[in-house]
Amino acid sequence: MRRLIPDYDENHPDLNSYDDAAVAAEEVRRAMPGIGFASMSKRYNAFVAVCRHLDSMIEKGELTADGAQLAIVILRVASKPFVKAAVAFDIYGPRLRFATRADLPRTAQSYMADVPLR
Numbered sequence: 001m002r003r004l005i006p007d008y009d010e011n012h013p014d015l016n017s018y019d020d021a022a023v024a025a026e027e028v029r030r031a032m033p034g035i036g037f038a039s040m041s042k043r044y045n046a047f048v049a050v051c052r053h054l055d056s057m058i059e060k061g062e063l064t065a066d067g068a069q070l071a072i073v074i075l076r077v078a079s080k081p082f083v084k085a086a087v088a089f090d091i092y093g094p095r096l097r098f099a100t101r102a103d104l105p106r107t108a109q110s111y112m113a114d115v116p117l118r
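Residue numbers (the UniProt record's numbering): 1 to 118.
Hints are supplied without guarantee of correctness; some may be wrong.
[Unchecked claim] The calculated SDA-like cross-link candidates involving lysine to any residue, where the alpha carbons are at most 25 angstroms apart (straight line), are:
hint: 1; residue 1: Lys-80; residue 2: Ala-38
hint: 2; residue 1: Lys-84; residue 2: Gly-61
hint: 3; residue 1: Lys-60; residue 2: Tyr-18
hint: 4; residue 1: Lys-42; residue 2: Glu-26
hint: 5; residue 1: Lys-80; residue 2: Ser-17
hint: 6; residue 1: Lys-84; residue 2: Gln-69
hint: 7; residue 1: Lys-80; residue 2: Asp-20
hint: 8; residue 1: Lys-80; residue 2: Ser-39
hint: 9; residue 1: Lys-80; residue 2: Gln-109
hint: 10; residue 1: Lys-84; residue 2: Leu-70
What the hints contain is simulated information worked out from the structure, not anything from laboratory work.
Being a predicted model, the structure only gives us computed values, none of them experimental.
Make the full structure from the sequences, and use the hints.
See the structure below:
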């Protein structure tokens, strides 16, 4: 890392938030429920469960809201089952009724706000 960033500082807040997000991503990956075999509902529910876990980490002060979104990005790169879960959410999320969207975890709501509608 030292070679990639000029004036490298281990205490830089961006690097600390990435480390926190990476730890959170690994924790939620281990706790993620199974996505089943070609089950869109299980995949959708797995994504929501991951977002609930991230929300609980935010409430405990272990992670920031931005760190939770970064953890989702890390999971999209590092976990094939999570990619499948996120794709299911990408498909079903825009179709949800307003009341159902309001009941989603905050992390899922923020994620959906950043995903372009299809």
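Evaluation of the provided hints:
1. A C-alpha spacing of about 13 angstroms is found between Lys-80 and Ala-38, which places the hinted pair at or below 25 angstroms, so the restraint holds.
2. Straight-line distance between C-alpha atoms of Lys-84 and Gly-61 comes to about 28 angstroms, which puts the hinted pair past the 25 angstroms bound.
3. Between Lys-60 and Tyr-18 the alpha-carbon distance is near 18 angstroms, which keeps this suggested pair within the 25 angstroms criterion.
4. Proposed proximity of Lys-42 and Glu-26 is supported: the alpha carbons are some 20 angstroms apart, at most 25 angstroms.
5. The suggested pairing of Lys-80 with Ser-17 holds, with an alpha-carbon distance near 23 angstroms, which does not exceed 25 angstroms.
6. Pair hint Lys-84 plus Gln-69 holds up; C-alpha atoms about 17 angstroms apart against a cutoff of 25 angstroms.
7. Of the pairs offered as hints, the one joining Lys-80 and Asp-20 holds, with about 21 angstroms between alpha carbons and a cut-off of 25 angstroms not exceeded.
8. This hinted pair checks out: Lys-80 and Ser-39 have alpha carbons roughly 15 angstroms apart, not beyond 25 angstroms.
9. Proposed proximity of Lys-80 and Gln-109 is supported: the alpha carbons are some 22 angstroms apart, at most 25 angstroms.
10. With a C-alpha separation of about 18 angstroms, the suggested pair Lys-84 and Leu-70 falls inside the 25 angstroms cut-off, and the hint holds.
Going down the numbered hints, you'll see the structure goes against just number 2.
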